[in-house]
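Kindly produce the complete structure, drawing on both the sequences and the hints.
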Amino acid sequence: MIAGPPSRLPVPTAGALASARAGENFPIAAWVLRPARREARAALYGFCRLVDDLGDEHPQDRVAALTALETELHLCWDGRPTHPVLRRLQPVIAAHRLRPDPFERLVRANLQDQRVLRYRDWEELLDYCTLSATPVGELVLALEGIADPARVGWSDRVCTGLQLANMWQDVAGDRARGRRYLPLAVLEAAGAAEADWWRGAPTPALRAAVAAAVARARRELRAGWPLVGAVGGLLRIEMATFIRSGLAACAAVEAAGDRVFVVRARIPRAARRRAVLGAVPSWWRPGRAPR
26 MIAGPPSRLP VPTAGALASA RAGENFPIAA WVLRPARREA RAALYGFCRL
76 VDDLGDEHPQ DRVAALTALE TELHLCWDGR PTHPVLRRLQ PVIAAHRLRP
126 DPFERLVRAN LQDQRVLRYR DWEELLDYCT LSATPVGELV LALEGIADPA
176 RVGWSDRVCT GLQLANMWQD VAGDRARGRR YLPLAVLEAA GAAEADWWRG
226 APTPALRAAV AAAVARARRE LRAGWPLVGA VGGLLRIEMA TFIRSGLAAC
276 AAVEAAGDRV FVVRARIPRA ARRRAVLGAV PSWWRPGRAP R
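Quick note on our numbering: the sequence shown kicks off at 26 and runs consecutively.
Calculated from the structure, these hints are not laboratory results. Check the hints yourself; a few may be wrong.
[Unchecked claim] Computed Cβ-Cβ distance ranges for the label pairs, DEER-style:
1. A240 - R299: 20 to 30 Å
2. D126 - P227: 35 to 45 Å
3. Q139 - A218: 18 to 28 Å
4. W309 - G203: 42 to 52 Å
5. W102 - D77: 16 to 26 Å
6. G203 - E148: 21 to 31 Å
7. R143 - P306: 38 to 48 Å
8. T107 - A280: 44 to 54 Å
9. P125 - E148: 19 to 29 Å
10. Q139 - G257: 39 to 49 Å
These figures come from a predicted structure and were not determined experimentally. Glycine included, C-beta positions come from ideal geometry on N, C-alpha and C.
The following block contains the structure:
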């Protein structure tokens with residue numbers, strides 16, 4: 026592995042570092058978390074944001090920047106990192122005995138984004154989700170001391186569903202960037218061709234392919250619902266909110282119809298509120314997975 030110098034990494038402002046506290050990754054108000062847990066979450070999400078920014082927005086050599094980040098990441102276990110995001114992360118890693126693997130997979134996901142723009146089938150795309158999505162859930166559970174295979178497996182399904190739902194929300198943006206996450210096999214099974222995808226002119230076959238992709242996201246989210254009943258406290262409501270928000274994203278894609286090829290399908294504020302309020306009863310009784 027050839028590592029670039031740490032100086033290639035952009036240094037965020039104090040405001041950017043603080044923004045993780047109130048970012049979109051918190052489905053419930055951050056103030057309901059204990060201060061120590063709030064800081065741990067902010068440190069994790071700050072790292073996730075840095076990785077994504079390097080992979081999507083860095084104006085220079087993104088591969089070199091991501092490789093430099095991976096090199097400095099390892100100093101969190103064996104050394105002293107210099108980047109502010111990693112300095113903030115290091116005590117969290119030590120306090121919770123977090124493993125390098127989930128962090129490394131997040132970096133590998135963004136490295137893969139630099140060279141893989143199209144996916145052949147579900148197997149390829151789900152493999153990508155094990156790099157880009159499931160590590161976040163695994164780290165959130167690890168902060169609570171949860172690492173058993175059953176609960177991690179349910180978390181993986183939830184995170185995969187959320188990732189897929191986000192992909193289908195942002196079909197227009199990905200097409201503009203030359204990316205096609207929707208597997209070619211799904212297009213072909215619906216009777217569409219890849220050329221139809223790049224033209225973006227809706228056809229019955231293209232609509233059917235998107236509908237099949239949304240259905241897969243829903244299945245993943247609902248398959249992870251047992252996690253809600255398998256955790257306690259505020260984490261139970263939070264997991265229920267994640268799932269309900271993902272299902273709301275799926276509904277937003279369907280509501281957008283053909284416009285999904287032009288603009289991002291956004292979840293209405295009312296639907297976001299319903300996702301949070303609908304999760305509250307999970308504190309007492311998880312019930313069945315929502316539709």
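- Is the hinted range of 39 to 49 Å satisfied by the C-beta distance from Q139 to G257? Since the Cβ atoms of Q139 and G257 sit about 40 Å apart, the hinted range of 39 to 49 Å holds.
- Query: Measuring from beta carbon to beta carbon, are T107 and A280 in 44 to 54 Å?
  - Reply: Check passed, 46 Å falls within 44 to 54 Å.
- Task: Given the range 42 to 52 Å, decide if the beta-carbon distance of W309 to G203 lies inside it.
- Result: holds, 48 Å
- Message: Given the hint of 19 to 29 Å, is the C-beta distance from P125 to E148 inside that range or not?
- Response: holds, 26 Å
- Mind checking the hinted window 20 to 30 Å against the Cβ distance between A240 and R299? holds, 21 Å
- Query: For the pair D126 and P227, does the Cβ-Cβ distance stay inside 35 to 45 Å?
  - Reply: The hinted range 35 to 45 Å holds for D126 and P227, with Cβ atoms some 41 Å apart.
- Query: So does W102 sit 16 to 26 Å from D77, Cβ to Cβ?
  - Reply: With Cβ atoms ~22 Å apart, the hint holds.
- Within 18 to 28 Å or not, the Cβ separation of Q139 and A218? holds, 26 Å
- Task: Just tell me: holds or violated, for the beta carbon distance of G203 and E148 against 21 to 31 Å?
- Result: Given about 22 Å between the Cβ atoms, the range holds.
- Do R143 and P306 keep their Cβ atoms within the hinted range of 38 to 48 Å? holds, 42 Å
No hint from the list above goes unmet by this structure.
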